[in-house]
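Peer 1: Sequence:
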Amino acid sequence: MRLNFLSVQLALVLFMKGDLVLLHQRQKVARREAGQRRLCKARVLAQEIGGADVGVGEVGPAAARDADFLGDFFAVVQQQNLQTALPGLARAKQAGRPGAHDHDIKTVHGLQCRLAANDDSTRQEVLHYERDKPMNPILFAIPVFLLTIVLEAWWARRRGLAVYDIPDAVTSLHHGVLSQLTGAFTKVATLGIYIAVYDTYRLTEWSMGNAWLWVLALILYDLCYYWAHRMGHEVNILWASHVVHHSSEYYNLSTALRQTSTGALLGWAFYLPLAVLGIPWQMLVIVGLIDLLYQYWVHTELIGRLGVLDRILVTPSNHRVHHGQNDYCIDKNYGGILILWDRLFGTFEDERDGEKIVYGIRKPLKSYSPIWGNLHYYADLWRESVAAQGWRAKVGVWVAPPGGWTDEPIAHFEPATFQRYTRQTPAAMRWYVALQYALLVPLVVHFLGIVKDIPTADALVYAGVIAFTAVALGALLEGLPWGRWLEMLRLLAVGAVFALLPDWFGFQAPVALRAAVLVFAVASVVWLLRRRTALGQVAA
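Mapping to our numbering: the sequence shown position 126 is 126, numbers consecutive.
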């Protein structure tokens, strides 16, 4: 079995274990001493301004912006019953004093309410979460995604290019929806691991006020992404997750949204070196979002070569190679923003003008189900592992390259004989599914906007409703006999609940909207019943 990058990582960790332990012990002592000094300062300040009209801003912008110091200060205020000091922050803001910011003022108001309730768990949640809770940026990106997809499809059709297929595009969007649903529940855990490593093992602390450090953080993140992406193609268990993104046989902006729902299982590990380097989690999240959003626009066939940019950045031309099944495209061009990593590590390949790229995976998915799209390769690995003889072989199946245990050449691919997967779904049904997806988008946006503010049980139910919709619409596209009944059950259940309950997960819809949703659901059921014959004639 060939040596891969994971083996090298393990060897390095074992080699450096002693040094890391010693460094860890020294860092714990230093942080404990710093925490004690900060707490003493917070106690002195709280005593001095306990009954005065003074804000935290009076101690200077640096201290007021220090989240750890503010946390200690608020804790001391509560412990010593000095709640009269809290309004000083709000008055400092109104008076234009330095160091008092909007997010601090909101924290003060939230703390006053929760301190009165004497709820320790909620108070800690406010101190460590509410102060830094951002608006989900994906909420702002979704309208841009959908608009640009429509514009690309329109422009491609004007030019007579077969760039889009409605079932394939909707399936890509369904994968994107499921990825956001699972991410809403897993990001807390993966980010928590990063923060734990950062708190325990960081070598230094990066200032978030230095612009050059932000640039360096983005470059380092992109380097980590390169290796995470590369290993996602070279290790079976990681490819089982990443294969989702490559399963579309079309290459367009909707393909960019075809993301995995299982990436949180192992992908987070590749970014832990950034925590050790001292990059704060807030910086990680932001540069990670920049890296991710950049990659959206490169998923298109409508933009050709870009000259010198093709040599430095990941461009549509470079990334088309990455998504190709052609022999020369396999395991090439892994970069996120910078293609320089591929040139440095020997994985770069230029797009060839004389050979049309065929997109997809060598073992076609042949399904519009977003659930099966996420699980099919795991199922393949499980069957191979069970059939393997001996524990070493069984484990080896999961860590071997997708091509197998040996270094034998990958089988030749002949682009001329390739045929895209398609189902002869009636045009009316395709447009019905597209319409239902468009109506699903507001629910997804609403879910992402409130998921942090509702109980976990409610969030799971809401996510289940959205996932159920994606499964039902996928079954309709495939013409499965039970797909129609599943969709009618969804329509009646969601329509009735939305119309009859006083609110939909906190959203109080006007009576007219509730009635319209119920009427539309019933009308859709009637239309599906009339389409029974057409659905039964869907051919493979």
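These aren't lab readings, by the way, just hints derived from the structure by calculation.
One thing to keep in mind: the hints can contain errors.
DSS-like cross-link-like pairs, simulated, lysine-lysine; straight-line CA separation at most 25 Å [unchecked claim]:
(1) Lys187 to Lys452
(2) Lys363 to Lys394
(3) Lys356 to Lys332
(4) Lys363 to Lys332
(5) Lys356 to Lys366
As the structure is a prediction and not an experimental result, all values here were calculated from the model.
Peer 1: Does Lys366 sit within 25 Å of Lys356, going by the straight-line distance between their CA atoms?
Peer 2: Holds, at about 22 Å.
Peer 1: Given the hinted pair Lys363 and Lys394, is their alpha-carbon gap at most 25 Å?
Peer 2: Within the cut-off at roughly 22 Å; holds.
Peer 1: For Lys356 and Lys332, compute the direct alpha-carbon distance and say whether it is at most 25 Å.
Peer 2: holds (16 Å)
Peer 1: For the pair supplied as a hint, Lys187 and Lys452, is the alpha-carbon distance within the 25 Å limit?
Peer 2: Holds. Lys187 to Lys452 sits at ~11 Å (cutoff 25 Å).
Peer 1: Are Lys363 and Lys332 close enough, with their CA atoms no more than 25 Å apart?
Peer 2: holds (18 Å)
In this structure, none of the earlier numbered hints is contradicted; all agree with it.
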